[in-house]
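Chains X and P supply the protein sequences, listed in that same order. The numbering of the first sequence is the numbering used here, which starts it at 1 and goes up by one. The numbering of the second sequence is the numbering used here, which starts it at 1001 and goes up by one.
No wet-lab data here; the hints were simulated from the structure. The beta carbon of each residue, even a glycine, is placed where N, CA and C say it ideally should be. Treat the hints loosely; a few may be bogus.
[Said to hold, decoys possible] Using 35 Å as the maximum straight-line C-alpha spacing, the simulated DSBU-like pairs for lysine-lysine come out as follows:
#1 P:K1308 <-> P:K1010
#2 X:K168 <-> P:K1044
#3 X:K234 <-> P:K1044
#4 P:K1271 <-> P:K1134
#5 X:K234 <-> X:K135
#6 P:K1190 <-> P:K1315
#7 X:K135 <-> P:K1271
#8 P:K1190 <-> P:K1317
#9 P:K1134 <-> P:K1317
#10 P:K1190 <-> P:K1298
#11 P:K1134 <-> X:K167
#12 P:K1271 <-> P:K1010
#13 X:K24 <-> X:K51
#14 X:K221 <-> X:K260
#15 P:K1044 <-> P:K1134
#16 P:K1002 <-> X:K232
#17 P:K1044 <-> X:K167
#18 P:K1232 <-> P:K1308
#19 P:K1134 <-> X:K135
#20 P:K1311 <-> P:K1298
#21 P:K1187 <-> P:K1245
[What the hints assert, rightly or not] To spell it out: a stretch of chain P is covered by chain X in this simulated footprint if at least three of its residues, at any positions, have a beta carbon under 8 Å from a beta carbon of chain X; those stretches are:
#22 1053 to 1064
#23 1098 to 1109
#24 1236 to 1242
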Amino acid sequence: MPNIKELEDLTTQVRRDILRMVHKVNSGHPGGSLGCTEFFVSLYQELMERKDSFDMNGIGEDLFFLSNGHISPVFYSVLARSGYFPVEELNTFRLIDSRLQGHPTTHEGLPGIRIASGSLGQGMSVAIGAAQAKKLNNDDHLIYSLHGDGELQEGQNWEAIMYASAKKVDNLISTVDLNQQQIDGSTDDVLPMGSLRAKFEAFGWTVLDIEKGNDIEAILKGMKEAKSLTGKGKPVCVLLHSIMGNGVDFMMHTHAWHGKAPNDEQLAIGLDQNAETLGDY
Amino acid sequence: MKTYTYTEKKDTRSGFGAGLAELGRTNPNVVALCADLIGSLKMKEFIDENPERFFQVGIAEANMMGIAAGLTIGGKIPFTGTFANFSTGRVYDQIRQSIAYSGKNVKICASHAGLTLGEDGATHQILEDIGLMKMLPGMVVINPCDYNQTKAATIAIAEHDGPVYLRFGRPSVPIFTPSDQKFEIGKALKFTEGTDVTIIATGHLVWEALEASKALNEAGISAEVINIHTIKPLDDNAILESVAKTGCVVTAEEHNYLGGLGESIARVLAKHQPTPQEFVATNDTFGESGTPAQLMDKYGLNSEAIIKAVKKVLKRK
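The task is simple: from the sequences and hints, build the whole structure.
Okay, structure coming up:
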């Protein structure tokens, strides 16, 4: 049984990392990052079977692919705090000569990153390829991926969703960050997508919801259930009902902080709402 | 002058199919993907022998490129197969981000390139693909000239660690290179020695260049023919060495003159040794329906066009 308090402490620290990283360069995407913090912490601290060292092929361990690369702050923070690279390096986010590019890249060789993402809609295809490579390698570890809900408006996803069930890619758990926000407004305002559950099910996936997508215990329970549903001939979709901007009251439930950095005053308020737990970088 | 003859014509895409089949037997990491064009890409032999290493993705090229990128994560060497148009323009962003920028070891194998696709017309005849692919950092761009060279290239690119664009075609063309050739990425091949003009060709136009050089020789013009099968990285030295001797150059390719081999050559010459150059290529136009021979004639991509360009460039020396 994981120590929930420890995970929550880490979550709070990751929120601080996100706010500080984005504030420092006055650029980046805090809203979606904050909304997925509990998910990333759960994934990297409890759910994935990971090796201590990083290699690109990742044979013999679970792999994660971030498709909506703009939430790089949460990805970088959790990778650093999971031991992939020094936490101090978060200081270089979006700065010249940094391995922490605005959107994740393999180009500069940052441990933990296996594919570039930023241009949306490509991650599920990549995750499927990695999942099929695992099968060819007789490696029974899992592939996890994360996608924005707005990102599902990109058509390539639906090519991938169709393919994954047709080819019985059942070692894949794709999570949709269902925060119902995108740059221009709510997903319902921009392009209503109807029932994602019905769509995934119609495409032959097993679907489950995590209603409390910012509750670590609920995430662990839901994702463990998802894990138990792998290996049964169908890919698994998790609809993570999250709150954009979670943990910073004025950033919550709005698209306004999709790609906007807090000013000095806003940073101070955000940090106040997330008291330091593990030490800032 | 060395002359080239042939006893058999065969399509370059079949050279790809034969090379892929051989890789299926010799390299267990090679996997193949196709977007509903197995017959067109001649992939059947590989599939029959290695069904578990083949992925039919359906008519979904963007997904195919992403899956190929993912398969490399696990040590596979994916070869994707579809028409050149759908291998490049249709999926440029997927190739750019998930393959080239991510440095993935994917071999993008593109058939039916250029005008010689023929009757299907402009929607399927891409004449911009070399440009699109050569502009991507880290992408190797290869356009072999006949069946044997395409087969050798297919086998060779499996050994290269990184993304490769391999371009070939549909029609049967003369086989004039040896079946036991070694293919070296980035190494230009001098096919004939000459002193008056350098003809640099790629793909289906190499044979036309050899035909042109034969006719030119009979007319007292000594042409050096260089086969550039690798457009990127380009063998700058071979080009500069030849033009230092001849003082003028004609480039020939089944591609738009904008962004193709000719432009790459012009860049090398402009930088090191400004030299008169004529381009045998399409003139910033889309194609149309017709037989391959009719199209190559109408759009000026044959030995007659090369001879004409040589006569023009000689006057500019």
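Checked hints:
no.: 1; hint: P:K1308 <-> P:K1010; verdict: holds (27 Å)
no.: 2; hint: X:K168 <-> P:K1044; verdict: holds (23 Å)
no.: 3; hint: X:K234 <-> P:K1044; verdict: holds (28 Å)
no.: 4; hint: P:K1271 <-> P:K1134; verdict: holds (18 Å)
no.: 5; hint: X:K234 <-> X:K135; verdict: holds (14 Å)
no.: 6; hint: P:K1190 <-> P:K1315; verdict: holds (24 Å)
no.: 7; hint: X:K135 <-> P:K1271; verdict: violated (50 Å)
no.: 8; hint: P:K1190 <-> P:K1317; verdict: holds (22 Å)
no.: 9; hint: P:K1134 <-> P:K1317; verdict: holds (30 Å)
no.: 10; hint: P:K1190 <-> P:K1298; verdict: holds (28 Å)
no.: 11; hint: P:K1134 <-> X:K167; verdict: holds (33 Å)
no.: 12; hint: P:K1271 <-> P:K1010; verdict: violated (38 Å)
no.: 13; hint: X:K24 <-> X:K51; verdict: holds (32 Å)
no.: 14; hint: X:K221 <-> X:K260; verdict: holds (32 Å)
no.: 15; hint: P:K1044 <-> P:K1134; verdict: holds (29 Å)
no.: 16; hint: P:K1002 <-> X:K232; verdict: violated (64 Å)
no.: 17; hint: P:K1044 <-> X:K167; verdict: holds (19 Å)
no.: 18; hint: P:K1232 <-> P:K1308; verdict: holds (27 Å)
no.: 19; hint: P:K1134 <-> X:K135; verdict: holds (34 Å)
no.: 20; hint: P:K1311 <-> P:K1298; verdict: holds (19 Å)
no.: 21; hint: P:K1187 <-> P:K1245; verdict: holds (19 Å)
no.: 22; hint: 1053 to 1064; verdict: holds (count 8)
no.: 23; hint: 1098 to 1109; verdict: holds (count 5)
no.: 24; hint: 1236 to 1242; verdict: violated (count 0)
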